[in-house]
Amino acid sequence: MALGLAVIAVPTVITLGDQEWSRDSGAHGPLVLGTAAWLFWRARDQFRDAATEGSPWLTTLGFVVSLPLYVFGRAYGFISLEVAGLYGAFVSMLHSEFGLKALFKNWFPIFYLAFLIPPPGWLMDDLTAPLKLFASWVATDGLQIFGLPISREGVTLVVGNYQLLVEDACSGMNSLTGLVAISLFYIYLLRDASWRYSLFLACFVIPIAVAANIVRIVILVLLTYFFGDAVAQGFLHQAAGLVLFATSLSLVFVIDHLASRFWPRAKGQPA
Numbered sequence: 039m040a041l042g043l044a045v046i047a048v049p050t051v052i053t054l055g056d057q058e059w060s061r062d063s064g065a066h067g068p069l070v071l072g073t074a075a076w077l078f079w080r081a082r083d084q085f086r087d088a089a090t091e092g093s094p095w096l097t098t099l100g101f102v103v104s105l106p107l108y109v110f111g112r113a114y115g116f117i118s119l120e121v122a123g124l125y126g127a128f129v130s131m132l133h134s135e136f137g138l139k140a141l142f143k144n145w146f147p148i149f150y151l152a153f154l155i156p157p158p159g160w161l162m163d164d165l166t167a168p169l170k171l172f173a174s175w176v177a178t179d180g181l182q183i184f185g186l187p188i189s190r191e192g193v194t195l196v197v198g199n200y201q202l203l204v205e206d207a208c209s210g211m212n213s214l215t216g217l218v219a220i221s222l223f224y225i226y227l228l229r230d231a232s233w234r235y236s237l238f239l240a241c242f243v244i245p246i247a248v249a250a251n252i253v254r255i256v257i258l259v260l261l262t263y264f265f266g267d268a269v270a271q272g273f274l275h276q277a278a279g280l281v282l283f284a285t286s287l288s289l290v291f292v293i294d295h296l297a298s299r300f301w302p303r304a305k306g307q308p309a
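Start counting the sequence shown at 39; every next residue gets the next number (our numbering).
In silico EDC-like pairs for lysine to aspartate or glutamate, Cα to Cα no more than 16 Å straight-line:
no., residue 1, residue 2
1, Lys139, Glu91
2, Lys143, Asp83
3, Lys143, Glu91
4, Lys139, Asp87
If you are wondering where the hints come from, they were derived from the structure by calculation, not from laboratory data.
With the hints as constraints, model all of the structure from the sequences given.
Laid out in structure tokens, this is it:
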């Protein structure tokens, strides 16, 4: 089963690298894959200790659902279905080898690996549309306060002689997936943080991501207005996104540092 899974996984990983991981929305993919592999290696003894015989009918059901999903997604170019099918086949293989009890006991690496499944394009469009409008509105009104000649029509910003379109990368959703994944990974490593504390910390990820991307829009507008379109759309465009992603992640760490002084992060752990 492991060999068969590897045979179907390699083409999918190559496709992910070509189609998804080269975009802002999927840039977290290689990091999630690497850290997930480390989590499974780290939990290998826990899997063995809790191992029981997996239910044959449940394993078969998992493969019956997952493999046709993988084949359909692979044949017709639906990368979300393809990766979801591969993920289901992997979980089915784990169940066959270690049983349901071990999977529930070591649920986080399995859950974390699901961040490799790319969200469908229509879902991302529906989610990013209101965030793009909100980010454009806040950035425009904020810059107008300081006297910058900027106006907005929908997600199109007009500043001076330049017209800028706020894309999905500046809405907050593209960085949100990566931020949530890495933040949950960080929370999990806090010596088994309680689920209440983990949920509390995760709730800060969304406003941090949106605020960071509003700042990104402001920076790009200012670069365009004062230095021209060539400067704003060049290296500094990507650099702004990377710096703000790192800043957002640092803010999660800072909030955790402050909150942990008053709230025990794990059951029985002092604040």
